[in-house]
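Residue numbers (this note's numbering), protein chains in the order written: chain W, 1 to 236; chain L, 1001 to 1236; chain F, 2001 to 2221; chain Z, 3001 to 3221.
Where hints are given, some of them may not hold.
Ranges of calculated distance between the beta carbons of each label pair, as one might list FRET restraints [unchecked claim]:
no., chain 1, residue 1, chain 2, residue 2, range
1, W, Gly44, Z, Asp3023, 47 to 53 angstroms
2, L, Gly1141, W, Asn3, 33 to 39 angstroms
3, L, Thr1085, Z, Arg3160, 24 to 30 angstroms
4, F, Arg2165, L, Arg1137, 38 to 44 angstroms
5, L, Ala1093, Z, Gln3210, 39 to 45 angstroms
6, W, Ser232, L, Arg1137, 38 to 44 angstroms
7, W, Glu135, L, Ala1014, 21 to 27 angstroms
8, W, Gly141, F, Thr2220, 26 to 32 angstroms
9, Z, Arg3165, L, Ala1093, 35 to 41 angstroms
To be clear, the hints were calculated from the coordinates, so they are not data collected in a lab. A virtual CB, placed ideally from N, CA and C, is assigned to each residue, including glycine.
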Amino acid sequence: MINKQHDTPADAVADIFDGATVLIGGFGAAGSPIELIHALIDQGASDLIVVNNNTGSGHVGLAALIEQGRVAKMICSFPRTAGSTVFPDKYQAGEIELELVPQGTLAERIRAGGAGIPAFYTPTSVGTELAQGKETRTFDGREYVMEYGLTADFALIKCLRADRLGNLIYNKTARNFSPVMAMAAKTTIVQADSIVAAGDIDPEVVVTPAVFVNRMVEVGEPLQESAMVASSVSYP
Amino acid sequence: MINKQHDTPADAVADIFDGATVLIGGFGAAGSPIELIHALIDQGASDLIVVNNNTGSGHVGLAALIEQGRVAKMICSFPRTAGSTVFPDKYQAGEIELELVPQGTLAERIRAGGAGIPAFYTPTSVGTELAQGKETRTFDGREYVMEYGLTADFALIKCLRADRLGNLIYNKTARNFSPVMAMAAKTTIVQADSIVAAGDIDPEVVVTPAVFVNRMVEVGEPLQESAMVASSVSYP
Amino acid sequence: MSNTSQEVLGWERADIALNIALDIPDGSIVNLGIGIPEMVAACIPADREVIFHTENGLLGMGPPPDPDSEDPELINAGKRHITAIQGAAYFHHADSFVMIRGGHIDLCVLGAMEVSENGDLANWSMGSDDAAPAVGGAMDLVAGVENIVVATMHCTRKGRPKLVRSCSYPLTGIGVVRRIYTDLAIMDVSAQSLEVIRLAPGIDFDYVQQRTEAELTIKTA
Amino acid sequence: MSNTSQEVLGWERADIALNIALDIPDGSIVNLGIGIPEMVAACIPADREVIFHTENGLLGMGPPPDPDSEDPELINAGKRHITAIQGAAYFHHADSFVMIRGGHIDLCVLGAMEVSENGDLANWSMGSDDAAPAVGGAMDLVAGVENIVVATMHCTRKGRPKLVRSCSYPLTGIGVVRRIYTDLAIMDVSAQSLEVIRLAPGIDFDYVQQRTEAELTIKTA
């Protein structure tokens, strides 16, 4: 009998190890798996390589993980957003590494990683600083940059609803990177607002099929990063 | 005001030109856009390059288009299925060209074409006849074949329901190649069992967003290829 | 023509947005950058249906919500609260950039730090070494959307021209800009120069050229 | 040991499917090829939950429907009518092969024309020039699924061994097969030989080796 459900976020993230590469879903505050990130903060793993579009805001969630000094390197497209000071400060102090990737290239690299595609060519960034040192190649008279697929040890994502088998649906633009991150991680860990019986999600509307999900935890009323940042909450 | 709706399949396919590359949705009989294919037969374009997983069955739909001598080349993964004699006979007679592509590579090439990716690497077919003449490259000690993105002039696909803007949902495994084909064609032509008002399809469950759809025609009770083949119907 | 009169001459920011909106054909799929570009949405004439794409996963972005009905899970690429229109669709980030990279978006309106006379765009980095650089989707948009237009004030606040012979800031893309809408003029990028197709009311060609490092010409039909 | 007694010795096709089913761990995601492989689904022990993937876009394939409730839009990769279980999911072909190529399917059971002693598989083409070749998803499956097992009769109907030193038919993949289930034995592919891990009732090692071109050994624990 398939049972992917864990009792607590702490159980679900217990084996994340020092130096692991961790994909974290969310775009800004939308879709950010706050409870899983906080469990990872409590858990203690360090020297993490974290992939997220941003670097978190305020002093909760991803920003708090960075603030605790647990992230050695960020792979992202936009490390500074309104209310984001933790990463920029650490970066200026030379305390954290940054791999800056154009947003579409980041999404495609993650999907490629999940799809067993080691590399692909993209027109994005040709002729710019972000293409420096990268292989280029011309197809049909246009120049492209070769980019590598990106895989990870773990993915932490949030969804609206999961069924017992691990089929997921999301909530509006909180979907963002999570479906491709679920594809690209060896172990995908999901926090769901609710976990329902198999069959309670219409097979036609499943966004992330269960094959991409390894662990789930129900977090009934998840914290909202944007509200926490607005009220200056810090974690822990 | 956006209006993608055409009155008849004939209107929708009127400008398909000789020599055009045409993606045709469907896997076997499931999802085959029979009325659009029959309209293309009536319309007369020839020397077509057709992309489909198979080559049709019996003497209707894609098999009929081939039987009429209108297809110069098929790009597919499995050109012979139960009840398929038209393509095999023409192929043995040297009257039609075949580019055989592994099924997953075919799907990925079509998606890449739609995604602006000119080429990618895949482990599929390494060391086999189907990799002969193709560039290979080693990543992390494993050998991969380079495959090219595939784009087309037109796509003909069937869906269950479309809204006025062109958002689509499908019916079970009739979905198959159609969503990626819609991405990869300059002009995507859809037959829908029904066309509903904007807003009548939940934005969370849309499979093909409207941006990939150019023309639609409502075909209320579409012919079923499998039933036609079973009762030995021929077209025209 | 003194510097101090610059604020009152030419178009306002809202006029720039309106000029762009009036040039967008009915039925277009459009992606809007941050700043003046995002003001374009509200300026589309009522008889045109224009669909807005936001790269974080929504086709059919609607106007901002009432403050009391904001949804933290419904935001745009600029992280602002938005709504979704009837007939919208949500999708994941990889699919969203299939739309962009694959050439499925008709028009993208972006801000600029600099545009060169051959259409190079610099709008993502000041090039300083210590601040964390951030690129977002800008490079994907200019690489994937065929019709890239720029909405910008003609000069920086300090009066430095933004339309230059060659960009000094790090590039977002090479030869990607098609048309430039500023407070002083509307210009097409041609092989040789920036061709002025319209001047703001009360502004003459020389006035614009004096505030432009790139070479300007008058577009002839 | 005459040829005519071959039919009654060893396992039946249904036994081969059962042998495979008994080796599939609870919770596995499995893709089944055509022929003996598709018989595996019905043999899974009742206390195990195994999810079947079919590459034309369904995770959670259920048993065949009653003849009067067949749905032409619900078929498997072999184009047969199927059903979907509670908790199934539909997806498009590119996503389906993300699952396969990306290593997300735990086990794939395939038929074979030939398997070599180093695990090369030939199961897609007779190599004749005039008949249209057809590959389907076979090459994707062997390239993407780590655990590939073969279900086949030990010899062809004409008595020719299918387990060979080196395949004579065009390859589907190189060194991809992990385990082989035939009517005579179950064998693991090792670096040096095919290691017999189980013999069919009443069959001895020599009997199998005589019908096998590849070198067999007895697996030692």
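Outcome of the hint check:
1. W:Gly44 with Z:Asp3023: 47 to 53 angstroms: At 39 angstroms between Cβs, range violated.
2. L:Gly1141 with W:Asn3: 33 to 39 angstroms: holds, 36 angstroms
3. L:Thr1085 with Z:Arg3160: 24 to 30 angstroms: Holds, since Thr1085 (chain L) and Arg3160 (chain Z) (Cβ atoms, about 29 angstroms apart) stay within the stated range.
4. F:Arg2165 with L:Arg1137: 38 to 44 angstroms: Distance hint for Arg2165 (chain F), Arg1137 (chain L) holds at roughly 40 angstroms.
5. L:Ala1093 with Z:Gln3210: 39 to 45 angstroms: About 44 angstroms separates the Cβ atoms of Ala1093 (chain L) and Gln3210 (chain Z), which means 39 to 45 angstroms holds.
6. W:Ser232 with L:Arg1137: 38 to 44 angstroms: violated, 51 angstroms
7. W:Glu135 with L:Ala1014: 21 to 27 angstroms: violated, 44 angstroms
8. W:Gly141 with F:Thr2220: 26 to 32 angstroms: holds, 30 angstroms
9. Z:Arg3165 with L:Ala1093: 35 to 41 angstroms: This hint holds: roughly 37 angstroms between Cβ atoms.
Hint compliance for this structure: hints 1, 6 and 7 are broken, all remaining hints hold.
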